[in-house]
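Asker: Each chain is listed here by its residues.
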Amino acid sequence: MHISEGVLNPPVLLLGGIFTALGTAVGLKYLTPEAIPRAALLTAAAFVASLVHIPLGPSSVHLVLNGLLGLILRWGAFPSFLVCLFLQAILFQFGGLTTLGVNTFNMAFPAVVMAYLARPLLNKGTRGALVAGFLVGSLAVFGAGLLVALELSFTGENFRTAARLILAAHLPVAALEGVICAFICSYLKRIRPEILR
Amino acid sequence: MAQKRDPRIDIIFTFLFALIVATSSRWSVIFLGLLTGLGLAFASRLSLKKTVKQFLLADLFLLMVVITLPFTTPGQGIARLGPLVLTREGLLFALFIFLKANSILLVTYALLGPKNIFEIAHALHHLKVPSKLVQLLFFTFRYLSLLEKEFQKLLEAAKLRGFSPKTALSSYRVWSYLLAALFIRSYDRASRVYEAMLLRGYRGYFPVWHHFAWQPRDTFWSILGGIYLIFMASLAYL
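Listed in order, the protein sequences are those of chains A and B. Residue numbers for the first sequence follow the numbering used here, so the first one is 7 and each next one is one higher. Residue numbers for the second sequence follow the numbering used here, so the first one is 73 and each next one is one higher.
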């Protein structure tokens, strides 16, 4: 879930901006000319995936797939989500310009961390990819929700209830992401293993 | 193109405006910001109905924050809802956050919304945003609608073969395979795009052919925008 404009206090906004600038700098360093179109098209694919509404019980949710992008792009997830969120802010008014730093960090940081932690599992056959996909998919979304909740709590005592509600809202999405990401990873591992390399 | 204001002015103005309003804690700044947003939205002839619908209903995050704040902010209680106490201070604070968020959204929507993303990417390039980042933005937007169509085609094909989306593991498996197919197609298309670019002499950057020509009108708008922002900043921080 994207943090909107005008809610967080200046120190949190500033820190988010600094961390995202650092992460993006690292990500851009690894982007060779050949990797730029690849990162861009995968970003576009994730953007398209985030528009899809998947039924979940009586309601439906939309996917984030930050874990999957982290697995494929690693540090490239930072510039990728920066671009994705910038487009969403301009095209749909989701999130916003001043929260671009915080929101990018919330999405990309857990994704990069989980991608590095799960890498050894990913190389252990199709079953390993299934487990790695579940862990990365679910924990990257849960991590994003946790960061949103923490940032809200830092902003003020009276934001704690909203923080808890928002973290709770992330739980079903995290479970669904885990399942979807597990299937995607095992499929990619079987059909096109070089994408996950 | 010749009749338009330099888009760099709009981008810088929007960003500074958002920064000032987002970090301010005064009602006067929010009111002036909201008036500015409404004025700009009116000037760029945005549909009011569409705007209101897009803003009020879209943002679940803002909604959760605004609904809880009246009950969690300490102050003078004015109503009781079971164990919850609605405070006057909380209600005002929630309204403050809500108007603050929407004044920034209005200005962003009015100034950047009608612009083409390629125009914005071009302006960002001239604002010295790292070339790789601008290329990433350019390519992502370039292939967005194409990949969307491709995914709709995949989904339609699956539905014709009897797939019906529901809450079940078997259904999620199909969703996953459709998404995986989308990712594989994007990956393969990227290789073809890169090869085609190499054949056209790509060397890791985009040579820019079109440059902005600064017009007297642009000087006028920068001075006007600058004075407004200085006024807002002094209202916010002094």
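The set of hints was computed from the structure by calculation and includes no laboratory data. One should not assume that every hint holds.
[Claimed, not checked] One-sided and incomplete, this derived list gives chain B residues near chain A with beta-carbon spacing under 10 Å: (1) 102; (2) 132; (3) 144; (4) 189; (5) 190; (6) 215; (7) 219; (8) 227; (9) 263.
All C-beta atoms, glycine included, are put in the ideal place defined by N, C-alpha and C.
Asker: Each of the hints needs a verdict: does it hold here or not?
Answerer: Evaluated hints:
1. Nearest Cβ of chain A to the Cβ of residue 102(B): about 9 Å, under the 10 Å cut. The hint holds.
2. Look at residue 132(B): its Cβ gets to within about 7 Å of chain A, closer than 10 Å, so that hint holds up.
3. Checking residue 144(B) against chain A by beta carbon gives a least distance of about 4 Å; that is within 10 Å, so the hint holds.
4. With a cut of 10 Å, the hint placing residue 189(B) at the interface with chain A holds, because the nearest CB-to-CB distance is about 7 Å.
5. Annotation: interface hint on residue 190(B) violated; nearest CB of chain A at approximately 12 Å, more than 10 Å.
6. The interface hint given for residue 215(B) is met, as the beta carbon of that residue sits about 5 Å from the closest beta carbon of chain A, less than 10 Å.
7. The closest approach between the C-beta of residue 219(B) and any C-beta of chain A is roughly 5 Å, which is under the 10 Å cut-off, so the hint is satisfied.
8. Annotation: residue 227(B) was flagged as interfacial toward chain A, and the flag holds, the nearest CB pair being 8 Å apart, inside 10 Å.
9. Taken as an interface hint, residue 263(B) checks out: its beta carbon lies about 7 Å from the nearest beta carbon of chain A, inside 10 Å.
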